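Student: Chain by chain, the residues run as shown.
Protein chains: 2
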Amino acid sequence: MNLSSLPPLEVLFKNPQIHVKNPHLDTMEEDVLYHFNLGTKTHNLPEMFGDIKFVCVGGSANRMKSFAQFIQQELALPGNMDNITDICEGTDRYSMYKVYFLSPGMGVPSISIMLHELIKLLHHARCIDFALFRIGTSGGVGLEPGTVVVTDKEVDCFFRAQFEQVVLGKVITRSTELDVGVSKELLQCSSELDDVPTVIGNTMCTSDFYEGQGRLDGALCSFSTEDKLEYLRKAYNTGVRNIEMESTVFRAMCRVCAISVIQNKSVSNVTNFL
Amino acid sequence: MNLSSLPPLEVLFKNPQIHVKNPHLDTMEEDVLYHFNLGTKTHNLPEMFGDIKFVCVGGSANRMKSFAQFIQQELALPGNMDNITDICEGTDRYSMYKVYFLSPGMGVPSISIMLHELIKLLHHARCIDFALFRIGTSGGVGLEPGTVVVTDKEVDCFFRAQFEQVVLGKVITRSTELDVGVSKELLQCSSELDDVPTVIGNTMCTSDFYEGQGRLDGALCSFSTEDKLEYLRKAYNTGVRNIEMESTVFRAMCRVCAISVIQNKSVSNVTNFL
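Going down the list, the protein sequences come from chains U and L. In this text, residue positions in the first sequence follow UniProt numbering: the first is 1, and each later residue adds one. In this text, residue positions in the second sequence follow UniProt numbering: the first is 1, and each later residue adds one.
If you are wondering where the hints come from, they were derived from the structure by calculation, not from laboratory data. All figures in this text were calculated on a predicted structure; none of them were measured in a lab. The reader is advised that the hints may include incorrect statements.
Stated by the list, open to error - SDA-like cross-link-like pairs, simulated, lysine to any residue; straight-line CA separation at most 20 angstroms:
| # | chain 1 | residue 1 | chain 2 | residue 2 |
| --- | --- | --- | --- | --- |
| 1 | U | K228 | L | D26 |
| 2 | L | K170 | U | F158 |
| 3 | U | K21 | L | R215 |
| 4 | U | K170 | L | F223 |
| 5 | U | K170 | L | Q162 |
| 6 | L | K65 | L | F54 |
| 7 | L | K170 | U | Y236 |
| 8 | L | K170 | U | I87 |
| 9 | L | K41 | L | D31 |
| 10 | L | K170 | U | A161 |
| 11 | U | K228 | L | K170 |
| 12 | L | K65 | U | N62 |
| 13 | L | K21 | U | D227 |
| 14 | L | K228 | U | D31 |
| 15 | L | K228 | U | D26 |
| 16 | U | K234 | L | K170 |
| 17 | U | K53 | U | I87 |
| 18 | U | K21 | U | T40 |
| 19 | U | K170 | L | R160 |
| 20 | L | K21 | U | D217 |
| 21 | U | K21 | L | F223 |
| 22 | L | K234 | U | G169 |
| 23 | L | K21 | U | F223 |
| 24 | U | K21 | L | S222 |
| 25 | L | K53 | L | Q73 |
| 26 | L | K228 | U | L168 |
| 27 | U | K65 | U | T40 |
| 28 | L | K170 | U | N237 |
| 29 | L | K21 | L | V171 |
| 30 | L | K228 | U | M28 |
| 31 | U | K21 | L | S224 |
| 32 | U | K184 | U | V199 |
Take the sequences, apply the hints, and build the full model.
Tutor: Have a look at this one:
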């Protein structure tokens, strides 16, 4: 795969300004991004991060480190690939490498903490015209292992394009409907790569890896193989092509803050449902 | 704090056998604990883990490593404290140190994956008469930073002692009511330690660190300081003394499998609500 052969992704560059949706931020003397070990008083965020054009989120810390090294080499960026440093090394909650890669942990709560702090970081650093990518592995629904799924719509376990969250004891619903065109443009890119089978499909987000995704091998399982297959067939018929654990909150929060997002995940060998 | 001065926690030793609630496990030729990088065919689990008496879950990987080293020293266990190895080092999803400590990541989904695999691990290793501890930091509600909260009841953001999960598109509710006596016995232990202020209280589990816990400094915030205080006062009046992100699923899953659990967390400096 030769990254330099990719066509320009013009549609992605449309974040003239981040709309942080929190009036309290303006009145705060200092903003500490606790889980990144960064802050507006302790770090010069515009100098450190103001030039960002791409942020990649996904996978485990080691996987993101390897990917950062790979991209540094592909783009022939200056610096020693082996000495790439973790910007968040003062904490081990998340890892961050410049050319920017972030490991978000597993599940909606873990990635939502990261997103709050990442969006504020991009805001404080006054970043403009950048794109957020989310990459990683997932369970496929009726697909061969290795297939890449570019997400069309992020849906919850009831196949609805929305994300529900409880705020001060009340359920709040946020849409996950996406920017038209971005996923098609990415699919177009992938058609120029021979060795990467790629499809567009809906991505289902669950809050549990075992029972929540219909797996039969958890410590608890109260359903039959037939129940599982019936649910997965229903998912497939609504357009679901892969299952993972973070996509809905990622889309919903970025959508509120007017940030362009691309989520694509390869189908792992762990599970190829159906 | 001198661990050897602690009285025996007899009430904890009541796990004659783990009740794994999954009939499919009996029919499987091999059980791979994906996120631990362990399996029933590749590892002798009874030999590696059969002698376990305590499992400690909590905090970040580095914090758990330090705690494992501290306990190794306090209990004067054999082996070089500095060479303590991560049993899950083939993956960086979780970390595990023998004398047994596990870092579970942040949020219900991340800890639930760990719990499925930990419960199966203890089952395959044929462990008996052990206790599970969960430790870490949390946001306090009306408490001084540094206070330890021994959990009486784990409640959700509506103050109910239950954990809800979606399984194959249906909402399943599991109770988080606890073994009577365990938390009182732990409080009794703490009364013998001069420098550790300890209380018993309800622990509220949320799925978000910022909006979900009423914080005003997230990237999104749609409520006022007054709304936040009203919600936290309501929480306090129902008995909530600290807020974190994993307790309900921990209690609910262990309860189904008849595993004794103790959860206690110290109030961090990050937040002392109210």
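Student: Take the hints in turn and mark each one as holding or not.
Tutor: Here's how the hints hold up against the structure:
1. K228(U) to D26(L): 18 angstroms, holds
2. K170(L) to F158(U): Holds: K170(L) and F158(U) sit about 8 angstroms apart, inside 20 angstroms.
3. K21(U) to R215(L): Holds - the C-alpha atoms of R215(L) and K21(U) are around 13 angstroms apart, at most 20 angstroms.
4. K170(U) to F223(L): Given that 20 angstroms is the threshold and the Cα spacing comes to 11 angstroms, the pair holds.
5. K170(U) to Q162(L): 17 angstroms, holds
6. K65(L) to F54(L): 16 angstroms, holds
7. K170(L) to Y236(U): At roughly 17 angstroms apart (the allowed maximum being 20 angstroms), Y236(U) and K170(L) satisfy the hint.
8. K170(L) to I87(U): 41 angstroms, violated
9. K41(L) to D31(L): 8 angstroms, holds
10. K170(L) to A161(U): 17 angstroms, holds
11. K228(U) to K170(L): 12 angstroms, holds
12. K65(L) to N62(U): With Cα atoms ~18 angstroms apart, K65(L) and N62(U) stay inside 20 angstroms; holds.
13. K21(L) to D227(U): 17 angstroms, holds
14. K228(L) to D31(U): Distance of about 19 angstroms is within 20 angstroms: holds.
15. K228(L) to D26(U): 18 angstroms, holds
16. K234(U) to K170(L): 13 angstroms, holds
17. K53(U) to I87(U): Status holds; Cα separation ~17 angstroms.
18. K21(U) to T40(U): 18 angstroms, holds
19. K170(U) to R160(L): 14 angstroms, holds
20. K21(L) to D217(U): 10 angstroms, holds
21. K21(U) to F223(L): 11 angstroms, holds
22. K234(L) to G169(U): It holds: about 10 angstroms lies between the C-alpha atoms, which stays within 20 angstroms.
23. K21(L) to F223(U): With Cα atoms ~11 angstroms apart, K21(L) and F223(U) stay inside 20 angstroms; holds.
24. K21(U) to S222(L): Status holds; Cα separation ~8 angstroms.
25. K53(L) to Q73(L): Measuring from Cα to Cα gives roughly 17 angstroms; hence the hint holds.
26. K228(L) to L168(U): 7 angstroms, holds
27. K65(U) to T40(U): Roughly 25 angstroms separates the two Cα atoms, so the pair is violated.
28. K170(L) to N237(U): Roughly 18 angstroms between the alpha carbons, so the hint for K170(L) and N237(U) holds.
29. K21(L) to V171(L): 18 angstroms, holds
30. K228(L) to M28(U): 17 angstroms, holds
31. K21(U) to S224(L): Holds, because 13 angstroms separates the two Cα atoms, which is no more than 20 angstroms.
32. K184(U) to V199(U): 10 angstroms, holds
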